[in-house]
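Colleague: Here are the chains, one letter per residue:
2 protein chains.
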Amino acid sequence: MEEDSTRFLESVLAEVLAHLEPPKDGRIRHDWSPGSLRKTTDLDLPLVGSGLERVLDDIRTYLRQAVRTDQPGFMNPLWGGLTPEGLAGELVTAATNTSMYTYEIAPLASLIETAVLDRMRQHLRMPHGAGTLTTGGSNGNLMGVLCARQAALPASGHDGFDGRSWCMFVSKEAHYSVAMAANVLGLGRANLIKVDTDDQGRMDPSALDDAIRREASLGRKPLCVVATSGTTVRGAFDPIDGLADVCEAHGVWLHVDAAWGGSCLFSSTHRHLMDGVERADSVCWDAHKMMGLPLVCSAFIVKRAEVLRAACAHGNEAHYLFHDDAEDQDLGRLSLQCGRRNDALKLFLAWRSRGDAGWGALVDRYMDLAAHLAERVRSEPHLELVGEPVWTNVCFRHVPEALPYLGEAIDAHNAALRAALLEEGRFMISRADLDQRVVLRSVIANPAVEASTLDDLVDHVLRLARTLPTDAGSQVEGPRT
Amino acid sequence: MEEDSTRFLESVLAEVLAHLEPPKDGRIRHDWSPGSLRKTTDLDLPLVGSGLERVLDDIRTYLRQAVRTDQPGFMNPLWGGLTPEGLAGELVTAATNTSMYTYEIAPLASLIETAVLDRMRQHLRMPHGAGTLTTGGSNGNLMGVLCARQAALPASGHDGFDGRSWCMFVSKEAHYSVAMAANVLGLGRANLIKVDTDDQGRMDPSALDDAIRREASLGRKPLCVVATSGTTVRGAFDPIDGLADVCEAHGVWLHVDAAWGGSCLFSSTHRHLMDGVERADSVCWDAHKMMGLPLVCSAFIVKRAEVLRAACAHGNEAHYLFHDDAEDQDLGRLSLQCGRRNDALKLFLAWRSRGDAGWGALVDRYMDLAAHLAERVRSEPHLELVGEPVWTNVCFRHVPEALPYLGEAIDAHNAALRAALLEEGRFMISRADLDQRVVLRSVIANPAVEASTLDDLVDHVLRLARTLPTDAGSQVEGPRT
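Chains A and B, in that order, are what the protein sequence lines are.
Numbering of the first sequence is given in this note's numbering, commencing with residue 8 and proceeding in unit increments.
Numbering of the second sequence is given in this note's numbering, commencing with residue 8 and proceeding in unit increments.
Be aware that a few hints might be false.
To be verified - Okay, the calculated beta carbon distance ranges per label pair:
id, chain 1, residue 1, chain 2, residue 2, range
1, B, 285, A, 427, 13 to 21 Å
2, A, 311, B, 395, 42 to 50 Å
3, A, 419, B, 454, 34 to 42 Å
4, A, 17, B, 248, 27 to 35 Å
5, A, 161, B, 64, 41 to 49 Å
6, B, 224, A, 258, 37 to 45 Å
7, A, 63, B, 61, 42 to 50 Å
8, B, 378, A, 161, 43 to 51 Å
9, B, 34, A, 312, 46 to 54 Å
10, B, 213, A, 312, 42 to 50 Å
11, A, 248, B, 61, 35 to 43 Å
What the hints assert, rightly or not - Example chain B residues on the side facing chain A (calculated, C-beta under 10 Å, incomplete):
id, residue
12, 20
13, 194
14, 199
15, 200
16, 204
17, 397
18, 417
19, 437
What the hints assert, rightly or not - Selected chain B positions facing chain A (in silico; Cβ < 10 Å):
id, residue
20, 24
21, 32
22, 48
23, 61
24, 100
25, 172
26, 274
27, 332
Just so you know, these hints were derived from the structure itself, not from any lab.
Glycine residues also receive a C-beta, built at the ideal position from the N, C-alpha and C atoms.
Looking at chain A on its own, in the form it has when it is part of the complex (with noise of 0.2 Å):
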């Protein structure tokens, strides 16, 4: 590399760590419209370039605006923070710019790539199986379903699908990709049955039963179970093993959405949620969520590898790109995709770094943080948490005593206060719908919170609560500040 090159990149890592300091103002997120930051940024791209110099001019202008992931007040999606063995994957990942599809371009990064998947389904007690690293969740729970298509329809492939006879079976709760994958291989969302869940957010296996049933009933042929270990809202685990009876009695395909919640394997006190996990025929783990490396790295697992090989099969055209004494050795052909990344290194370099052990202890204390918040949440009279957590998704809302207990006010004061929490920039935590109610939900996926910063968070809310004017309860417990 060119000498002002290096010292290109040199400066760039120093803005970068620069960056990593905690922000001054307290502010992850500056709230700016996109209206108002187009009005203040450069972004036009030019006929003639500016050069390298002026790069570090725009790098710095990205970070000032970057919302900070990495800082403790992150906790709005499945994942956040910010792990060195993840960054310096990534970095080492761009430098040396492989393809994963052929062995004799990505020699070393196809072994890595193998023992990762290797080493997770180990975690899933298959003994047998290949897999292959994905886009992400969406992408592995689409990959799930085009295996089910391929272990019913083996022909499928090649002489096409009817997929408005087909249907397939979620829960209510369930993540909204496998309502994108319905779509995609050609069922239709129609065909997409949204199985009942128990009080508790997990599908109920005899209402899968009977769902089944009556699909078939109707002339519709089951062609695949998506289960979820780690609903999206409320951190719900699908009970796999009596979902697993249902599916082997009615000879279908049990994918598991296990990309939020597929690292509890690592904890021997909460591995239990995917108790029976080993009888899926497909599973998808994303190791960008609570494994906390940068995104994206998403594993899919499927039990019999000949299944995968088939549905990525494309005839054998890939003359260019694949031959014949190197089929065994290609991951290319285990994949929807031609080019792709190497996202297997920075979770390699994670794991020899931390272990399984560290793993463990990671999920363990991001546990009892959880149960921590949802604790802080019980004690504080206006706060109600919305179902008992079982994984670290912590769902509550703000209920001033003005307001009565259900109904659009209070659900409208939620949403409320999540908008003033986004303004004020200083936590970032989600808002969705859970039990028919608009909530709070705050995930623990960083391993830069701590038991004080969810002491903040609650601190935060019912003190910015206060000053909605929704809340006409703040007026009982003293002047607004």
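Position chain B against the provided structure of chain A, taking the given hints into account.
Modeller: Positioned in the frame of chain A, the structure of chain B alone reads:
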């Protein structure tokens, strides 16, 4: 970030920068089999981790074994080399780890992605439209066909789709991802009709017209035509204008796979290769190929934004992520991914640095280099240029006097020649089939390549060919060295 993490990351960058020096032994690849690499490399994922310090050792090992895709001898796939803006962009993306689904979590990143997509759309001369960054050209082609389905059958996303009664069309020389898309979307590979090409590898519009009529007479409805701008082996550009005439006549969606060739649009000399692209319904175009950004950076652009939005619809399930008040600014509504990394930043930074003029100069330089290589091949009596290059793919083969001009022996000889090149490790070029012959394909897509690199490549191929046992022809030229 902790002080020891900071020191660790500084060490990682120093290792990476040292690694980017030219290799002392001149080899860009070591020819380890998976078996021997597994034996010499510690791939164990331990129960108890060994900490951050040891991660540096693992990084050193990884760097030592990595194929030197940054070096000039790397001309194997449709990408190569390393650009400082790209590497800087990846570092910043990883350090500010975010997800592109919502504006609130990725404000400037969302504007940047929109800016690069809008600019690419301008180069396609489509005043209206939308787009998204995808996970690669394969995914972009799938999106194109999915949008075609959405446009032809707006209810299919909800009701499902019988793929067996539809068909799609592509040239015989197109990329294998189109066959994978036919499978995933339920048409089946049998309903992917391969249309004849002319002697320059271009889809023949009248052959397309015939094919559409023939399939219609068999009861199969035409869903989509996928034209290729820059085929994988030969670098051929399908005549978009002629194909658009046929598509318009039959009311069929035209998707252009410009993953490899899209960058011709920056060159006033070569942009004619994609004349008519403004008539396409959708296009994919990889910035990680000729534009030299690290994998993956791949654009999908569609003329009717509402079709893309509908194709990615999922009912209104994702209340936990998308809120109505942010509908128009959340890029997640235009994507099949949920969590999605920021692939736009690196492209934005490089574009700001180089401008359109810089991209144009890069394309012209690559074309000159390709012409130089083609000329060198033509001038060597034992080399045969296979096909006349119109893009930067240069396909050739070695034809020793002692072997027949056609047939298996000469194919085997060139396959062996490529294997010998790989084993020696100074150059990586690809092996493919073209016009029923095994050819060596060199691609100019690496900024490190110079004319002297190509002279060396030719000398090297000739020298190595002489050492091959099948090359009886070398006997007449003198003793083996």
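Colleague: Should the interface hint for residue 20(B) be scored as holding, given a Cβ-Cβ cut-off of 10 Å against chain A?
Modeller: Constraint on residue 20(B) satisfied, holds at 5 Å.
Colleague: Identify whether the interface hint at residue 417(B) stands, where standing means a beta carbon of chain A within less than 10 Å of its own.
Modeller: This hint is violated: residue 417(B) lies away from chain A, its Cβ roughly 16 Å from the closest one there, beyond 10 Å.
Colleague: Range first: 46 to 54 Å. Now tell me if the beta carbons of residue 34(B) and residue 312(A) are that far apart.
Modeller: 33 Å, violated
Colleague: So, residue 274(B) near chain A? Judge it on the closest CB pair being under 10 Å.
Modeller: Where the cut-off is 10 Å and the nearest Cβ of chain A is about 14 Å from residue 274(B), the hint is violated.
Colleague: Go through the hint on residue 32(B) and say holds or violated, using the shortest Cβ distance to chain A against 10 Å.
Modeller: Violated - the Cβ of residue 32(B) stays beyond 10 Å from chain A, reaching only about 17 Å at its closest.
Colleague: Could you check if residue 100(B) really has its C-beta closer than 10 Å to a C-beta on chain A?
Modeller: 8 Å, holds
Colleague: So, residue 332(B) near chain A? Judge it on the closest CB pair being under 10 Å.
Modeller: Holds, about 9 Å.
Colleague: Answer holds if the nearest beta-carbon of chain A is closer than 10 Å to that of residue 437(B); otherwise answer violated.
Modeller: 6 Å, holds
Colleague: Taking 41 to 49 Å as the stated bounds, is the beta-carbon spacing between residue 161(A) and residue 64(B) within them?
Modeller: At roughly 46 Å between Cβ atoms, residue 64(B) and residue 161(A) fall inside 41 to 49 Å, so the hint holds.
Colleague: Given a hinted range of 42 to 50 Å, is it respected by the beta-carbon distance of residue 311(A) and residue 395(B)?
Modeller: Roughly 47 Å apart at Cβ, these two residues keep to the hinted range, so it holds.
Colleague: With a cut-off of 10 Å on the beta carbons, see whether residue 199(B) makes it to chain A.
Modeller: This hint holds: residue 199(B) lies near chain A, its Cβ roughly 9 Å from the closest one there, short of 10 Å.
Colleague: Quick check on a hinted range of 34 to 42 Å for residue 419(A) and residue 454(B), using CB atoms only.
Modeller: At 56 Å between Cβs, range violated.
Hints 1, 3, 4, 7, 9, 15, 16, 17, 18, 21 and 26 from the list above are not met by this structure, while the remaining hints are.
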